[in-house]
Each structure stands twice: as C-alpha cells, then as structure tokens.
Amino acid sequence: MRRLVPLVPFLWLGLFFVIPFAVLLKISFSEPAIAMPPYLPLWEWADGVLTIAINLGNYIFLTEDPLYLVSYLSSVRIAAISTLVTLLIGYPMAYAIARAPEGRRNILLMLVILPFWTSFLLRVYAWIGILKANGVLNNALMSLGLIDQPLVILQTDIAVYLGIVYTYLPFMILPLYATLSRLDGDLLEASADLGARPLTTFATVTLPLSMPGVLAGSMLVFIPAVGEYVIPALLGGPDTLMIGTVLWNEFFLNRDWPVASAVAIVMVLVLALPIALLRRIQSRAEKA
Amino acid sequence: MTDTPLLCIENVTKSFGATYAVDDVSLDIRRGELFCLLGGSGCGKSTLLRMLAGFEAPSAGRIALDGQDLANVPPHQRDTNMMFQSYALFPHMSVEKNVSYGLRRAGLPRAEIATRVTEMLALVQMERFAARKPHQLSGGQRQRVALARALARRPKLLLLDEPLGALDRKLREETQLELKKIQETLGITFIVVTHDQDEAMTLGDRLGIMREGRIVQVGTPHEVYEFPQSRFVADFIGTVTLFDGTLTEDRPTDAVIDSPEAGGPIRIPHAVTGSVGQSVAVALRPEKIVIGRTPPEGVENRLIGTVETLVYQGAASIFLVRLDSGKSVRVSRSNRERGEAEAIAQGDRVHLGFSGQSAVVLAS
Numbered sequence: 001m002r003r004l005v006p007l008v009p010f011l012w013l014g015l016f017f018v019i020p021f022a023v024l025l026k027i028s029f030s031e032p033a034i035a036m037p038p039y040l041p042l043w044e045w046a047d048g049v050l051t052i053a054i055n056l057g058n059y060i061f062l063t064e065d066p067l068y069l070v071s072y073l074s075s076v077r078i079a080a081i082s083t084l085v086t087l088l089i090g091y092p093m094a095y096a097i098a099r100a101p102e103g104r105r106n107i108l109l110m111l112v113i114l115p116f117w118t119s120f121l122l123r124v125y126a127w128i129g130i131l132k133a134n135g136v137l138n139n140a141l142m143s144l145g146l147i148d149q150p151l152v153i154l155q156t157d158i159a160v161y162l163g164i165v166y167t168y169l170p171f172m173i174l175p176l177y178a179t180l181s182r183l184d185g186d187l188l189e190a191s192a193d194l195g196a197r198p199l200t201t202f203a204t205v206t207l208p209l210s211m212p213g214v215l216a217g218s219m220l221v222f223i224p225a226v227g228e229y230v231i232p233a234l235l236g237g238p239d240t241l242m243i244g245t246v247l248w249n250e251f252f253l254n255r256d257w258p259v260a261s262a263v264a265i266v267m268v269l270v271l272a273l274p275i276a277l278l279r280r281i282q283s284r285a286e287k288a
Numbered sequence: 001m002t003d004t005p006l007l008c009i010e011n012v013t014k015s016f017g018a019t020y021a022v023d024d025v026s027l028d029i030r031r032g033e034l035f036c037l038l039g040g041s042g043c044g045k046s047t048l049l050r051m052l053a054g055f056e057a058p059s060a061g062r063i064a065l066d067g068q069d070l071a072n073v074p075p076h077q078r079d080t081n082m083m084f085q086s087y088a089l090f091p092h093m094s095v096e097k098n099v100s101y102g103l104r105r106a107g108l109p110r111a112e113i114a115t116r117v118t119e120m121l122a123l124v125q126m127e128r129f130a131a132r133k134p135h136q137l138s139g140g141q142r143q144r145v146a147l148a149r150a151l152a153r154r155p156k157l158l159l160l161d162e163p164l165g166a167l168d169r170k171l172r173e174e175t176q177l178e179l180k181k182i183q184e185t186l187g188i189t190f191i192v193v194t195h196d197q198d199e200a201m202t203l204g205d206r207l208g209i210m211r212e213g214r215i216v217q218v219g220t221p222h223e224v225y226e227f228p229q230s231r232f233v234a235d236f237i238g239t240v241t242l243f244d245g246t247l248t249e250d251r252p253t254d255a256v257i258d259s260p261e262a263g264g265p266i267r268i269p270h271a272v273t274g275s276v277g278q279s280v281a282v283a284l285r286p287e288k289i290v291i292g293r294t295p296p297e298g299v300e301n302r303l304i305g306t307v308e309t310l311v312y313q314g315a316a317s318i319f320l321v322r323l324d325s326g327k328s329v330r331v332s333r334s335n336r337e338r339g340e341a342e343a344i345a346q347g348d349r350v351h352l353g354f355s356g357q358s359a360v361v362l363a364s
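Protein sequence lines correspond, in order, to chains A and B.
Residues 1 to 288 (full-length UniProt numbering) are what the first sequence spells out, left to right.
Residues 1 to 364 (full-length UniProt numbering) are what the second sequence spells out, left to right.
Heads up, some of the hints might be wrong.
[Claimed, not checked] With a straight-line Cα cutoff of 20 Å, these simulated EDC-like cross-link-like pairs (lysine to aspartate or glutamate) come out:
no., chain 1, residue 1, chain 2, residue 2
1, B, Lys288, B, Asp198
2, B, Lys170, B, Asp198
3, B, Lys327, B, Glu261
4, B, Lys181, B, Asp198
5, B, Lys156, B, Asp79
6, B, Lys97, A, Glu189
7, B, Lys133, A, Asp184
8, B, Lys288, B, Glu261
9, B, Lys97, A, Asp184
10, B, Lys156, B, Glu10
11, B, Lys156, B, Glu119
12, B, Lys181, B, Asp205
13, B, Lys156, B, Asp69
14, B, Lys133, A, Asp186
15, B, Lys156, A, Glu189
16, B, Lys97, A, Asp186
17, B, Lys288, B, Glu226
18, B, Lys156, B, Glu184
[Stated by the list, open to error] Each pair of labels, with its calculated beta carbon distance range:
no., chain 1, residue 1, chain 2, residue 2, range
19, B, Arg231, A, Leu215, 55 to 63 Å
20, A, Glu102, B, Asp168, 28 to 36 Å
21, A, Glu102, B, Asp348, 58 to 66 Å
[Claimed, not checked] Chain A regions said to be covered by chain B (calculated; three or more residues, Cβ under 8 Å):
no., stretch
22, 176-190
23, 199-210
Honestly, the hints are just simulated from the structure, not real lab data.
The C-beta atom is built at its ideal place from N, Cα and C for all residues, glycine as well.
Model the full assembly from the supplied sequences, consistent with the hints where possible.
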C-alpha cells in the first residue's frame with residue numbers, strides 16, 4: 001500500500017492531464033463535420049481495411065489566419081505585463097506580512113485569501129460596477145472635480161490588466177510569503193554587519209534568496225492569465241484579443257472542435273516550452 | 001591612546017517590556033584582549049553582544065567604541081563585525097564571495113579584495129575551498145569561513161556569538177587554540193560569548209560572568225577560579241564544595257568559621273573582613289583537598305568520611321566523600337603512579353585535609 005502512495009501524483013496527472021490532452025490531440029487531427037460529435041473519426045475499420053486519416057489542416061489553418069498568431073502574442077503580452085505588475089504589488093505585501101509580528105501574520109494572510117470566499121464571477125462583475133462610465137470610480141473622480149468627462153476604462157485592455165492583477169494577486173503573495181518567511185533573519189543582520197545598506201541587503205541577499213518564490217508566484221499568475229477567458233470577456237473590449245476568447249468562439253460559436261482543439265494544443269506548447277526551459281536553467285543554476 | 005579602553009559600556013540596560021535582559025552593565029574592554037562573556041542561557045550575554053553590533057538599541061546607558069558614541073550608528077556603519085552562532089553564511093554565494101562580501105561593500109579596489117580574500121582564506125586554511133558553496137562544506141569548514149568573513153574587514157572589534165558551539169568536542173578543543181592564535185596574530189580585540197566555562201577559561205584573557213542580566217564578576221581566568229566573589233561564580237566556574245557556617249572569630253592574622261557541615265571549625269590563616277556572627281560559606285576546589293588513609297600533615301583543617309563514589313578519569317580520580325555530618329565533599333587526585341599500592345576503594349574510611357589558604361570565604 002505504502003509503495004503505491006508515490007504513484008498518486010502520476011495517477012492524478014494521467015487522469016486529469018494526459019488523457020484529456022490525448023483526447024484533445026486526437027480531435028485536433030480530425031476533420032470537422034456537422035454531426036454529433038462534430039468531427040469525423042481518425043480511423044475507420046471497414047472490410048478488413050484500416051483507414052487512418054490524420055488531418056493537419058487545422059494546424060495549417062492556424063498559420064493562415066493572422067488572428068490566431070496575434071491572439072497568442074497578445075495573450076502572452078497581457079499575461080506577462082499583468083504578472084510583472086502583480087509581482088511589483090505582491091512582493092512588498094508578502095515582505096510586509098513575513099516581517100509582521102508572529103500573531104498578526106495569520107490575520108494578514110487571512111485578509112489576502114478572504115476575497116476567495118466570494119465567487120470569482122461576482123468579483124469580476126463588481127469591477128464593471130466600479131469602472132463603468134457612471135460607476136464608482138468615475139463618480140468619485142468627477143465629484144472631486146478631478147475630471148469632467150468620465151474616463152473610458154471598461155472594455156479596454158486596462159480593465160483586463162486590472163482584473164487579472166486583482167484576481168491573481170493572492171497567487172503571487174502566497175508563494176512569496178512562503179519563501180520570505182523562511183528567510184533566515186541572521187543573513188540580513190550579517191549583511192548589515194558587513195557594511196551593506198538596507199537596499200543593498202535587499203538586492204544582494206533578500207531578492208536572490210526569494211527567487212524560488214518569485215518564479216513560483218509568477219508561473220501561478222502567468223499560466224492561467226494566458227488562457228484567461230472570463231476577465232477579457234467581461235472587462236475587455238472588442239479590441240482585446242486573448243486566446244481564451246478565441247478558443248471559446250471556436251468551440252461554442254463556430255462549433256469547430258478540431259480547430260478549437262488545435263488552438264488549445266498550440267497554447268499548451270506555447271506555455272510549456274518556456275517553462276521547461278526556465279526549469280532547466282533553474283536546476284542548472286542550483287547545481288553550479 | 002593604547003591604555004584607554006577600546007570599548008566602554010556604561011550603565012547599559014535593555015528591557016523587553018517588564019523584563020530586563022541586560023541590567024545596568026558597565027564594562028571596559030581593553031585593546032587587543034580576548035574577552036569572554038560567560039553565562040547560562042538567558043543571562044543576557046547575547047543581547048549585550050547584539051547591542052554592540054547595533055542590532056538592538058540599549059534602553060538606557062551608553063556604548064562608546066574608541067571614543068565614538070555608538071548610539072545613532074546603524075550596524076552597517078559600525079567598525080565592528082560579528083561572527084554568528086548560526087554562521088549566517090550566504091547560501092547562494094561561494095566561499096570566496098562570502099568572504100569578499102564586506103570588502104565589496106566597503107568599495108575596495110578589485111585587486112585588493114582578491115589579495116585580502118586569499119589572505120583570509122589562508123589564515124583559516126580554506127584556500128582550497130574558495131569556489132565551494134556553504135552547503136558543500138562541513139560544520140568545521142563553515143565555522144572557518146564565517147570567521148574569515150568576519151575578519152576580512154579588519155574590524156576594531158570582533159564579536160563572536162558562541163563561535164564553537166556547533167562543533168563537536170574534539171574539534172572544539174583544537175579550534176579554541178587556533179582561534180586564540182589567530183586573535184594574537186591579528187591583534188584584533190575579540191569579545192566571545194559562550195556558555196561553556198572550559199571554553200571561556202581556555203580562550204579568555206579576561207572573563208565577565210553574567211547572571212540575570214548583570215555582570216557578577218570580571219577577572220582573568222586565574223582570578224575568577226581562585227578568588228570567586230560569590231557562591232554563584234564559585235559554583236559556575238569549575239566545581240566546588242561549599243561549607244555553610246558562621247564567622248566566629250575574625251582577627252587580622254586568622255579567622256575561624258564554625259561549620260556544622262564540616263563537623264567543626266574551619267581555620268583560615270587570614271582576615272575575612274566580615275562581622276562576627278555573619279553567615280558565610282567556605283568554598284573548596286576538589287584538587288585543593290588531600291585524601292589518604294592516614295590523617296594528613298601540614299594542613300590546618302582535617303575531615304573524616306567514607307568514600308561513596310569513585311570515578312576513574314584516567315589522568316585523575318574523583319572521589320565523592322560523605323562526611324559524618326552528611327555533607328558530601330568532592331575531591332580529585334591526580335593518578336601519579338600506575339597500580340597504586342594504597343589504592344582507595346569505595347566504602348573506605350578516609351582522612352581529608354586542606355589548607356585554609358586554599359579555601360575561599362564567601363559572604364554572598
């Protein structure tokens with residue numbers, strides 16, 4: 001029994017990643033059809049003849065229409081900028097929590113997690129109420145006399161950035177907190193003792209030693225942000241191009257499952273390759 | 001300049017809420033000496049050291065290094081360096097980068113940094129490990145790197161918090177002598193915090209014994225061992241047998257203490273400077289007592305008892321002798337000869353003797 005326990009993660013990964021991925025891969029190589037399901041089978045067995053039809057057309061189609069490439073790039077850009085902003089906001093917060101008196105830390109962490117008690121969808125809707133033309137933000141700014149025309153934020157990329165940063169901030173703070181709270185206070189004192197100003201200590205000791213947290217947090221934000229659908233759909237405008245919305249449209253509006261599957265497969269590859277590369281660099285740096 | 005103390009600690013107090021970690025400590029540290037702050041855990045020795053490094057601010061009092069008041073000097077501007085009990089080596093830097101860290105912060109030219117790092121690593125015999133990361137080193141090697149890093153800036157004062165605490169016994173004894181040699185070679189003033197009295201005796205030019213936030217005695221190892229000023233110090237440094245008694249006679253040339261525990265009067269060949277009738281204690285080190293089957297000669301004080309426990313330690317034997325009063329006395333005798341004819345065994349009746357000159361009379 002005990003020997004089987006290490007297999008659990010593999011079972012999990014197989015059941016919820018490898019098998020769905022294989023199904024998706026299979027659909028992406030098939031021909032679309034008006035049927036149930038809306039694609040033709042990959043292989044057919046008729047009269048002792050096995051016919052296997054691998055259709056690469058869906059992938060070729062992705063390269064022909066610039067929409068897909070532009071959407072991929074735009075998704076990566078939006079996710080990358082959001083991740084950076086999340087990091088810039090999340091790092092000081094995590095640092096402050098890690099340095100807070102022991103008793104207060106749990107309360108502060110609780111406050112970070114508290115928004116999760118409300119539905120994600122509801123929270124994104126709430127941002128519409130804040131950002132819309134006669135919403136909370138514009139009304140407040142106008143009544144203060146700072147602006148006389150309402151700012152157009154909703155249905156722009158800025159609203160998408162706001163939504164992503166707001167939603168994913170806890171995913172950045174928690175891993176950062178975990179590494180920063182484990183940081184040995186003696187090291188910071190040793191650095192000061194050896195003549196380093198507080199900022200130098202931060203740059204030479206704190207930041208390098210918290211890199212695992214920075215990387216973990218950044219991935220936890222970047223990966224789901226690239227594929228994000230709800231936030232660009234609700235807060236973004238017609239110009240906001242993200243691969244999640246394109247995917248949705250292919251699946252539910254065009255009912256083109258094979259192309260939608262191809263879009264999803266390429267997205268996984270686009271995400272997986274840089275991450276694998278990063279891991280490699282990281283483990284090599286640790287060994288050195 | 002040379003005879004003024006390097007460091008002056010004046011009436012320094014540190015309180016955390018209602019508790020006093022350091023309570024009105026005044027202490028002068030001389031140039032070039034190795035001073036040991038000795039005390040049990042929670043006696044305030046580490047807090048005092050941290051105040052010298054600048055990690056804690058005194059609640060009251062003044063600390064001056066070489067005439068400069070340190071009150072508003074942050075740690076990174078102090079001319080002191082600290083060797084941490086945990087060593088606090090930067091885990092993401094090589095040995096060489098660790099040692100050069102303080103030099104790079106000081107903005108020294110690159111060539112000079114390189115020479116100094118080589119010099120420091122040679123001093124602690126770690127040249128071969130310059131490229132290693134701390135996790136690739138043994139405990140003893142890490143200890144050396146921590147020392148080299150703390151010494152690299154050539155501070156006026158080096159603070160060492162339990163520098164040998166994490167080493168095993170054998171390595172610790174070797175390293176003690178090495179540390180003392182390095183200190184003498186460089187001439188840098190060291191303050192070493194330790195809870196280990198043997199270590200303090202071996203290392204220190206002078207010791208300061210702390211208890212409950214106060215310094216109870218300062219002196220050379222010899223002074224502290226031979227002339228403890230209180231029961232606490234007598235008991236804390238080395239081992240001692242204390243006879244409680246009353247001062248019955250006190251003259252300029254001799255004194256008598258009546259001690260029921262010792263089974264009679266104890267004669268001391270000098271004045272005690274106390275008041276007659278005062279309760280005092282007579283402290284005796286185990287090696288100051290002679291033991292034998294016949295009454296010893298040439299000593300003022302004689303006792304009789306039964307050997308209760310006998311511990312053979314190789315170089316010496318320790319006897320626990322139960323007197324007829326019920327008091328247990330610790331006696332040590334060096335084993336000068338192999339296979340002694342008159343070996344004393346457990347349960348034997350023995351005679352003890354000691355000279356009043358070797359005893360210390362303690363009023364508190």
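Against the structure, the hints come out as follows:
no.: 1; hint: B:Lys288 <-> B:Asp198; verdict: 19 Å, holds
no.: 2; hint: B:Lys170 <-> B:Asp198; verdict: 13 Å, holds
no.: 3; hint: B:Lys327 <-> B:Glu261; verdict: 6 Å, holds
no.: 4; hint: B:Lys181 <-> B:Asp198; verdict: 17 Å, holds
no.: 5; hint: B:Lys156 <-> B:Asp79; verdict: 6 Å, holds
no.: 6; hint: B:Lys97 <-> A:Glu189; verdict: 17 Å, holds
no.: 7; hint: B:Lys133 <-> A:Asp184; verdict: 17 Å, holds
no.: 8; hint: B:Lys288 <-> B:Glu261; verdict: 18 Å, holds
no.: 9; hint: B:Lys97 <-> A:Asp184; verdict: 18 Å, holds
no.: 10; hint: B:Lys156 <-> B:Glu10; verdict: 19 Å, holds
no.: 11; hint: B:Lys156 <-> B:Glu119; verdict: 18 Å, holds
no.: 12; hint: B:Lys181 <-> B:Asp205; verdict: 12 Å, holds
no.: 13; hint: B:Lys156 <-> B:Asp69; verdict: 14 Å, holds
no.: 14; hint: B:Lys133 <-> A:Asp186; verdict: 18 Å, holds
no.: 15; hint: B:Lys156 <-> A:Glu189; verdict: 19 Å, holds
no.: 16; hint: B:Lys97 <-> A:Asp186; verdict: 17 Å, holds
no.: 17; hint: B:Lys288 <-> B:Glu226; verdict: 11 Å, holds
no.: 18; hint: B:Lys156 <-> B:Glu184; verdict: 14 Å, holds
no.: 19; hint: B:Arg231 <-> A:Leu215: 55 to 63 Å; verdict: 59 Å, holds
no.: 20; hint: A:Glu102 <-> B:Asp168: 28 to 36 Å; verdict: 33 Å, holds
no.: 21; hint: A:Glu102 <-> B:Asp348: 58 to 66 Å; verdict: 59 Å, holds
no.: 22; hint: 176-190; verdict: holds (count 5)
no.: 23; hint: 199-210; verdict: holds (count 5)
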